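Given the coordinates of chain A, work out where chain B should sit on it, guided by the hints.
Spelled out from the first residue to the last, the chains are:
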Amino acid sequence: MASTIPKARIAFFDFTCCEGCQLAVADALQTHLDLLEAVEIVNFREVMSEKSDDYMIAFVEGSCTRMSDEARLKVIRENAQILVALGACAHIGGVNAIRTGLDIAGVRRYVYGEKAMFFETDSARPIDAVVPVDAYIPGCPIDLDEFVRTVKALLLGRIPILHDYPVCVECKMKENVCLYTIDKTCLGPITRAGCGAICPTFGVGCEGCRGLISNPNIRSLKEVFSENGFDEKTLMEKMKIFLSYQTMESES
Amino acid sequence: MNRRGYGEFEMTFKIIPKSVLAEWFDALNRDYRVLGPKPKAGQFIFDEIQTIEDVDLEYPTTILPPKKVLLPTKEVLFSFDANESQFEPQIEAVPVIILGIHTCDMHAIALLDHVFSSGYPDQHYLARRTKTTLISIECLKPCSEHAFCKDTGTLSVTEEFDLHLTDLGEDYAVDIGSEKGELIMANAPGVREAEIDDYQRLETVMSQKWARFPYRLNFDVSELPSLLSVSYDSILWKILGTKCMGCGSCTVVCPTCYCFDVVDEIDFSLETGERIRVWDSCQLNMFATVADGHNFRESHGARVRHRFFRKGKYLASAYGQRGCVGCGRCAQACLAHITPIETFNELYRRQFLTVYEPRGTMP
Numbered sequence: 001m002a003s004t005i006p007k008a009r010i011a012f013f014d015f016t017c018c019e020g021c022q023l024a025v026a027d028a029l030q031t032h033l034d035l036l037e038a039v040e041i042v043n044f045r046e047v048m049s050e051k052s053d054d055y056m057i058a059f060v061e062g063s064c065t066r067m068s069d070e071a072r073l074k075v076i077r078e079n080a081q082i083l084v085a086l087g088a089c090a091h092i093g094g095v096n097a098i099r100t101g102l103d104i105a106g107v108r109r110y111v112y113g114e115k116a117m118f119f120e121t122d123s124a125r126p127i128d129a130v131v132p133v134d135a136y137i138p139g140c141p142i143d144l145d146e147f148v149r150t151v152k153a154l155l156l157g158r159i160p161i162l163h164d165y166p167v168c169v170e171c172k173m174k175e176n177v178c179l180y181t182i183d184k185t186c187l188g189p190i191t192r193a194g195c196g197a198i199c200p201t202f203g204v205g206c207e208g209c210r211g212l213i214s215n216p217n218i219r220s221l222k223e224v225f226s227e228n229g230f231d232e233k234t235l236m237e238k239m240k241i242f243l244s245y246q247t248m249e250s251e252s
Numbered sequence: 001m002n003r004r005g006y007g008e009f010e011m012t013f014k015i016i017p018k019s020v021l022a023e024w025f026d027a028l029n030r031d032y033r034v035l036g037p038k039p040k041a042g043q044f045i046f047d048e049i050q051t052i053e054d055v056d057l058e059y060p061t062t063i064l065p066p067k068k069v070l071l072p073t074k075e076v077l078f079s080f081d082a083n084e085s086q087f088e089p090q091i092e093a094v095p096v097i098i099l100g101i102h103t104c105d106m107h108a109i110a111l112l113d114h115v116f117s118s119g120y121p122d123q124h125y126l127a128r129r130t131k132t133t134l135i136s137i138e139c140l141k142p143c144s145e146h147a148f149c150k151d152t153g154t155l156s157v158t159e160e161f162d163l164h165l166t167d168l169g170e171d172y173a174v175d176i177g178s179e180k181g182e183l184i185m186a187n188a189p190g191v192r193e194a195e196i197d198d199y200q201r202l203e204t205v206m207s208q209k210w211a212r213f214p215y216r217l218n219f220d221v222s223e224l225p226s227l228l229s230v231s232y233d234s235i236l237w238k239i240l241g242t243k244c245m246g247c248g249s250c251t252v253v254c255p256t257c258y259c260f261d262v263v264d265e266i267d268f269s270l271e272t273g274e275r276i277r278v279w280d281s282c283q284l285n286m287f288a289t290v291a292d293g294h295n296f297r298e299s300h301g302a303r304v305r306h307r308f309f310r311k312g313k314y315l316a317s318a319y320g321q322r323g324c325v326g327c328g329r330c331a332q333a334c335l336a337h338i339t340p341i342e343t344f345n346e347l348y349r350r351q352f353l354t355v356y357e358p359r360g361t362m363p
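If you're matching them up, the sequences are chains A and B in order. With the numbering used here, letter number 222 in the first sequence gets 222, and the count goes up by one each step, no holes. With the numbering used here, letter number 125 in the second sequence gets 125, and the count goes up by one each step, no holes.
In short, the hints are calculated from the structure, not lab data. This one's a predicted model, so the numbers in the text were calculated from it and none came from an experiment. Each residue gets a CB set at the ideal place from its N, CA and C atoms; glycine is no exception.
If the Cβ cut is set under 10 Å, some of the chain A residues that face chain B in the computed set are: (1) V148; (2) L155; (3) S214; (4) N217.
Away from chain A, derived, C-beta distances all over 10 Å, residues of chain B: (5) F80; (6) F116; (7) G169; (8) A188; (9) G190; (10) E193; (11) Q208; (12) V221; (13) S222.
Simulated crosslink set (DSS-like; lysine-lysine; CA at most 25 Å straight-line): (14) A:K174 <-> B:K38; (15) A:K184 <-> B:K40; (16) B:K150 <-> B:K313; (17) A:K240 <-> B:K243; (18) B:K38 <-> B:K18.
The following block holds chain A by itself, in its conformation from the complex (with noise of 0.2 Å):
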C-alpha cells in the first residue's frame, strides 16, 4: 500500500553551525531504520556525496550570517516546497547571535585577527529573518524523536506544532527537584519545553536552547534570581548564549 506512493524527496543544508543537528538526524536514521522507508534522502553532505535540487522539503541548519548566505538561502527556499529550520542556530540564531548588538568589525577583528578582511561576515539571524519558514525543530542539538514526528506531521500534510510553555512542565513531570532549590540558576521557567527538560534531569540549568515561549515572564525570572542570590546581570548573561537574537527582537 504505501510502497506504491512515491517516497518524499528531502534535502538537508547547513550555513553558521556546527553540523550537530545533522548528526542527530544521522544518528536518528540509525534508531528509526523506517524513516528511510518513508523518504528519500537527495542531498545531505554529512553523509552522502550525490547532490540533487529536486526535492519537497529542505531542512536547513545553521544561521545567516553573511550576506552571501541570503542568496543561497533564496534558492533553498525556491527549490523546496517545504522548509523546515533544524536547530537552534536556524529557529533563533544559536550560539552565533551572541554577537548581536555588538560592533561586526570588531567582531571580526576579534575572531580572526589580522587576517580578518578575508572573512565575510555580518550579524548572525535566524533563516526565518530571510526566506519564510514553515516548521521549526528547536533545540541545540535537535531532540531525535521531535525531529521523527516533524517529518511524520509533515508527510501528513501537516505543520507541527511547538509547546509553547516553559520546560518546567516537562520537569515536574519527572519529578525532578527544582534546581533553585540547591543553588542553581535554570532558564526553563521562560524556554520552550520538548526537550523533555534533559538538561535539568541531569542537573544542569536550562540555557535556553529552545528559545523563549511566546509570553515569556523575564521580569519574574528576575526577581526569581535575585531572590536567589544571583543578579540580574547573571541572567542577562546566561540569557545571551542562546537568546540574544529573540530578546533583541522583543526589545525593538
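For chain B alone, coordinates are given in the frame of chain A:
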C-alpha cells in the same frame, strides 16, 4: 465498616510490629508493584519499593501526588489502523500498592474517583484504580509550612483506604477498610488483634495530634466559595498575574488537577498509530486557545484566577468536594511564591477593604 470502635464496640484494629515490615514488603513485592515515598535529592517521590530501606513513611510530602499512578503523565488510550478503521483499546492495569498516602492525598483520590466515574466513566482510570490498593497513613505532625489540611478538613482519612496505618512507635495500628486490605493483611507476618492497651496507645497518639496542626486560613473554609464569588474582579488577580510565569508547576503537582490533552502518534506507514493521553494545564498558552487562535484566558492573571476558582469553588459545585485538599504542593513548587493560603487570606482581607474604600484606590 466499623472503624475506631472500642469499649463495648467491636474492635477492628490489627497491630503490626515495625520489625516485621521488611518481611511483609518482601511478600507484597511478589504479587504487587509496591510504590511508596522514597528520598530524591532532599525531597521525596512515590517510587518502586523493593525493600524496607527504600521507603520513609515519615516523609513530609512528595513532588508529585499519587495521582501519577492512577492517571499517568502519558498513557496510550487505544491503537488504531486508519486504513482498516480498526481501534483497539489499550487498557493496562497491574496490581499496585501505594503505600504511605497522606490523608490530604486520600481526599484527592476520592475526588478523582468521583470525577472519572461520573459522566462517561473513564475505563482507563477505573481499570487502574480497581487494581490499586491504597495504604494510607495518619499524619501526626504538619509536613510543610504551606499545608493547611486542618482548614480544608483533610486531616483525617477518607473511606477510600484499603489499609490505614497509625504510627504507635514500635508498631503500626492498622485499620482495614476493604476486602483488598483484608487480603494483604492475611499474608502479613506477625499481625495480631489490637488489645485494650493498643487502643489506649492509639487514643493517646490521636489526642496529641490535633493541637500540633495550626489553622492557617483567617476564615472558615466553608466561606471560600462565596469569598471567591465576590472576588472575581479583585485586582489581586492582576497582581498575581504579573508574578506568574505560566510554568504550570502548580497544576502538575496538584493532587486534584486532572485536565489532559489527547494526541495521536503515528507510524511511518501514516496509517497505524496510537492515541495518547497526556497531562495538560489551564496555566499553559494553548489550553484555552480555540479555533482561529482566540485564547479566552489570555493573561496569566486570568489563568491564576481560574485555577483558584477551580480549587475553591467550581469543583465543589460540580462534585460536592473542594478541589483544594490543602497539601501545599503548589505553594512549594511556585518560584513566584503564589500560594493558596496567602491568596485566600489576601482576598479575605481585601473583602473588608472594599467595604470601606472605593475600588481603584487599592495598591
